[in-house]
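Order-wise, the sequence lines are chains A and B. Per this note's numbering, residue 1 is the first one in the first sequence, and the count goes up by one each step. Per this note's numbering, residue 342 is the first one in the second sequence, and the count goes up by one each step.
Calculated from the structure, these hints are not laboratory results. Virtual Cβ for every residue (Gly too), placed ideally from N, Cα, C. Some clues are possibly wrong.
[As the list claims (entries may be wrong)] FRET-style restraints, in silico, Cβ to Cβ:
1) A:K301 to B:F510: 51 to 57 Å
2) B:Y422 to A:G201: 42 to 48 Å
3) B:Y494 to A:R43: 54 to 60 Å
[What the hints assert, rightly or not] Mimicking SDA-like on lysine to any residue, the simulated pairs with C-alpha atoms at most 20 Å apart in a straight line are:
4) A:K286 to B:L575
5) A:K286 to B:F366
6) A:K75 to A:P14
7) B:K369 to A:I194
8) A:K301 to B:M353
9) A:K104 to B:L490
10) B:K369 to A:G127
11) A:K229 to B:G555
12) B:K369 to A:K301
13) A:K229 to A:S242
14) A:K301 to B:P372
15) A:K104 to B:L491
[Claimed, not checked] Covered, in the sense of this in silico footprint (three residues per stretch, anywhere, with C-beta under 8 Å from a C-beta of chain A), are these stretches of chain B:
16) 351-360
17) 455-465
18) 514-528
19) 586-598
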Amino acid sequence: MDKAQNEKQLKINPELFQPAEYDPSKVEVITRPSLTFWKDASRRLLQNRGATFGLILLTIILCFALFAPIFSSYKYSDQNLRHAKLPPKMPYIEKLGVMDGKDKDGFDWYATKKVDKYYYFGTDDLGRDQWTRIWTGARISLLIGLIAASVDLLIGVMYGGISGYYGGRLDTIMQRLVEVLMGVPYLIVVILFILLFEEPGVLTISLAMVVTGWVSMSRVVRGQILKLKNQEYVLASRTLGSPDGRLIFKHLLPNVMGPIIVMTMFTIPSAIFAEAFLSFIGLGIKPPLASLGSLVSDGYKSIRTYPHLMMYPALVISSLILSFNLVADGLRDALDPKMRK
Amino acid sequence: MGRYVLQRLFYMVFTLFLITTLTFFLMKLLPGSPLQNQEKLTAEQREVILEKYGLNDPVPVQYVRYMKNLVQGDLGISFKYDNREVSTIIGERIGPSAQLGFQALMIGTLIGILLGSIAALRHNTWVDYGSTVISVLGISVPSFVLAALLQYYVGVELRWLPVAMWKGFEYTILPTLALSVFVIAQVSRFMRTEMIEVLHSDYILLARAKGISGSGIILKHALRNALIPVITILGPMAVNLMTGTLVIERIFAVPGLGEQFVLSIMVNDYTIIMGITIFYSALFILIVFIVDILYGIIDPRIRLAGGKS
Numbered sequence: 001m002d003k004a005q006n007e008k009q010l011k012i013n014p015e016l017f018q019p020a021e022y023d024p025s026k027v028e029v030i031t032r033p034s035l036t037f038w039k040d041a042s043r044r045l046l047q048n049r050g051a052t053f054g055l056i057l058l059t060i061i062l063c064f065a066l067f068a069p070i071f072s073s074y075k076y077s078d079q080n081l082r083h084a085k086l087p088p089k090m091p092y093i094e095k096l097g098v099m100d101g102k103d104k105d106g107f108d109w110y111a112t113k114k115v116d117k118y119y120y121f122g123t124d125d126l127g128r129d130q131w132t133r134i135w136t137g138a139r140i141s142l143l144i145g146l147i148a149a150s151v152d153l154l155i156g157v158m159y160g161g162i163s164g165y166y167g168g169r170l171d172t173i174m175q176r177l178v179e180v181l182m183g184v185p186y187l188i189v190v191i192l193f194i195l196l197f198e199e200p201g202v203l204t205i206s207l208a209m210v211v212t213g214w215v216s217m218s219r220v221v222r223g224q225i226l227k228l229k230n231q232e233y234v235l236a237s238r239t240l241g242s243p244d245g246r247l248i249f250k251h252l253l254p255n256v257m258g259p260i261i262v263m264t265m266f267t268i269p270s271a272i273f274a275e276a277f278l279s280f281i282g283l284g285i286k287p288p289l290a291s292l293g294s295l296v297s298d299g300y301k302s303i304r305t306y307p308h309l310m311m312y313p314a315l316v317i318s319s320l321i322l323s324f325n326l327v328a329d330g331l332r333d334a335l336d337p338k339m340r341k
Numbered sequence: 342m343g344r345y346v347l348q349r350l351f352y353m354v355f356t357l358f359l360i361t362t363l364t365f366f367l368m369k370l371l372p373g374s375p376l377q378n379q380e381k382l383t384a385e386q387r388e389v390i391l392e393k394y395g396l397n398d399p400v401p402v403q404y405v406r407y408m409k410n411l412v413q414g415d416l417g418i419s420f421k422y423d424n425r426e427v428s429t430i431i432g433e434r435i436g437p438s439a440q441l442g443f444q445a446l447m448i449g450t451l452i453g454i455l456l457g458s459i460a461a462l463r464h465n466t467w468v469d470y471g472s473t474v475i476s477v478l479g480i481s482v483p484s485f486v487l488a489a490l491l492q493y494y495v496g497v498e499l500r501w502l503p504v505a506m507w508k509g510f511e512y513t514i515l516p517t518l519a520l521s522v523f524v525i526a527q528v529s530r531f532m533r534t535e536m537i538e539v540l541h542s543d544y545i546l547l548a549r550a551k552g553i554s555g556s557g558i559i560l561k562h563a564l565r566n567a568l569i570p571v572i573t574i575l576g577p578m579a580v581n582l583m584t585g586t587l588v589i590e591r592i593f594a595v596p597g598l599g600e601q602f603v604l605s606i607m608v609n610d611y612t613i614i615m616g617i618t619i620f621y622s623a624l625f626i627l628i629v630f631i632v633d634i635l636y637g638i639i640d641p642r643i644r645l646a647g648g649k650s
């Protein structure tokens, strides 16, 4: 191997030996966007197939609950006795042989009664459009869930926060009360409080659920605060002279946010379930207003002759609770991998 | 241990006392009256009835009397069923409810354990996913929806099992199934997580290293340890079954306690509502207590007294 050939192969030239650009001020620059806790959590959430499915399902139901009653040509309370008890009929889908206006024996009621309108989910015994009623009912159920969950959140966080943060004798007394409240079966209390009101509305039903509902939230918050309040960053802030309020709102609460959100997400479906339960024993929303629970309950009464009156609200309420549960499960895993249980 | 049990017993009595007091005054605040449905009462008849039930006395006097009777196991007499004692009615009604609850708890726990363990052993396979889907569905579909569907399809359409009533074992199958689905879902979910955790622990690795066969490891080591925490959810489960029976019994026309409770709510039969509420609360408190004690006995790692703080 001769020298010339070797040089040609290596192609070494002085330009390769320039000193690298070195700027001490730029060494510590972060080149990629940093992942905050919430970004990280949302990434973990979307990786979870169940949670993603739940989110999509929840979004669909929310959209229908918000917009379907607006765009519907009927109102939830509009009665039309001549159109009573019609089976479901939906444009386009009717060609597939389902929801084509025929009852379970294959009898076309729309032709017999000379109805040229479409009732997507059929009509009830007063001729009210079931489609509008179901989505209005979904609104009511969601509203009850949201109110119950937010009041739970407010009371639970305050109670648990005070109990955990101040500790000592106050904590002992407050926890005794919590133990007593935990000793009462949840739905029984709700029933007793509903009985207090002659005409239970959305607000009274939601508030009845709060009576003992906030207890579990307060326990979660108290546990977390107890764990966090002696952490170094809290002690450091305290040493620097932060007042209690600053410690609680600036340092403690943001770190308890994860469990609080998860707990709230579990409260909403259980409140929706509780309302449906109440409707089923005749203590829920009164007509003409409807909730998903009261629709299921009304539909159950005529399940043998008109199964569609129960099937559709049952399907919607089950999917709603399912989607909340899936998202809550996913959130729990995403926000605190240690809490997995 | 003895001290702990005594302390717990004291709190149980105290809790029950508070619940009773609260229920009593709530009942006094209720807007309706058990007499309002019988329109044909004259003023004098009304007076006689009020006198008979002691409803003319001041509320504190009524309260003391109620508490005195309660301590002796007397829950008063029903407004609707002439002169029948509430405690007798509860006694008559508890049988079917207890049977349903017990069957559902047994079947639910057994299937739940089985499903959860299999899912954990076949972690991240389609078996695992299938069992997870079943448990999520079981938690999400309300029990009364399931009960109504079972009744309609199995009872009415297929005619495999009786639709309703309470005349023998085959009448208990559908309500038991409807009640147990939630139990299956909860237990299998819990069991799966516990089992996965146990299977990854060091002592399982040691057992494997010693050459114990696969089934030996699972039955003797993994299953036993994974089962212990499952006991803790039996308390909430029992409550769930209790309230579940309220609607399930109504749907299947089971002459149980839950059905009686709902019936009494509709006709404002306050003494029965109170009696059953107190009974349910007492039962719940007792179950939680027993579960706590059991947990301490089964798992010696849990120290009951001084375990908190």
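For each hint, the structure was consulted:
In this structure the supplied range 51 to 57 Å is violated for K301 of chain A paired with F510 of chain B, their Cβ-Cβ distance being about 28 Å. Taking the beta carbon of each, Y422 of chain B and G201 of chain A are about 32 Å apart, not inside 42 to 48 Å as hinted. Our hint of 54 to 60 Å for Y494 of chain B and R43 of chain A is violated, since their Cβ atoms are close to 43 Å apart. Restraint check for K286 of chain A and L575 of chain B: the C-alpha separation of about 35 Å exceeds 20 Å, so the hint is violated.
With a CA separation close to 26 Å, the supplied pair K286 of chain A and F366 of chain B exceeds the 20 Å bound. Straight-line distance between C-alpha atoms of K75 of chain A and P14 of chain A comes to about 84 Å, which puts the hinted pair past the 20 Å bound. A threshold of 20 Å between alpha carbons decides the hint, and for K369 of chain B with I194 of chain A the separation of about 14 Å falls inside it, so the pair holds. A threshold of 20 Å between alpha carbons decides the hint, and for K301 of chain A with M353 of chain B the separation of about 41 Å lies outside it, so the pair is violated.
Between K104 of chain A and L490 of chain B, the direct Cα distance comes to roughly 16 Å. Compliance with the 20 Å bound is thereby established for this hinted pair. For the hint pairing K369 of chain B with G127 of chain A, the CA-to-CA distance comes to about 41 Å; that exceeds 20 Å, so the pair is violated. Taking the CA atoms of K229 of chain A and G555 of chain B, the gap is near 46 Å; set against the 20 Å cutoff, the hint is violated. Under the criterion of a C-alpha separation no larger than 20 Å, the hint pairing K369 of chain B with K301 of chain A is inconsistent with the structure, at around 33 Å.
Restraint check for K229 of chain A and S242 of chain A: satisfied, since their Cα atoms lie roughly 13 Å apart, inside the 20 Å limit. The suggested pairing of K301 of chain A with P372 of chain B is violated, with an alpha-carbon distance near 28 Å, which exceeds 20 Å. With a CA separation close to 18 Å, the supplied pair K104 of chain A and L491 of chain B stays within the 20 Å bound. With a threshold of 8 Å between beta carbons, the proposed coverage of the region 351-360 of chain B by chain A holds, since 7 of its residues qualify and at least three are required.
Proximity of the region 455-465 of chain B to chain A, defined as three or more residues with a beta carbon under 8 Å from a beta carbon of that chain, is not established by the 0 residues found. Here the region 514-528 of chain B counts 0 residues with a CB under 8 Å from a CB of chain A, which misses the bar of 3, and the coverage is violated. Given a C-beta distance limit of less than 8 Å, the hint that chain A covers the region 586-598 of chain B holds, as 4 residues qualify and 3 suffice.
Hints 1, 2, 3, 4, 5, 6, 8, 10, 11, 12, 14, 17 and 18, counting from the list given before, are not met by this structure.
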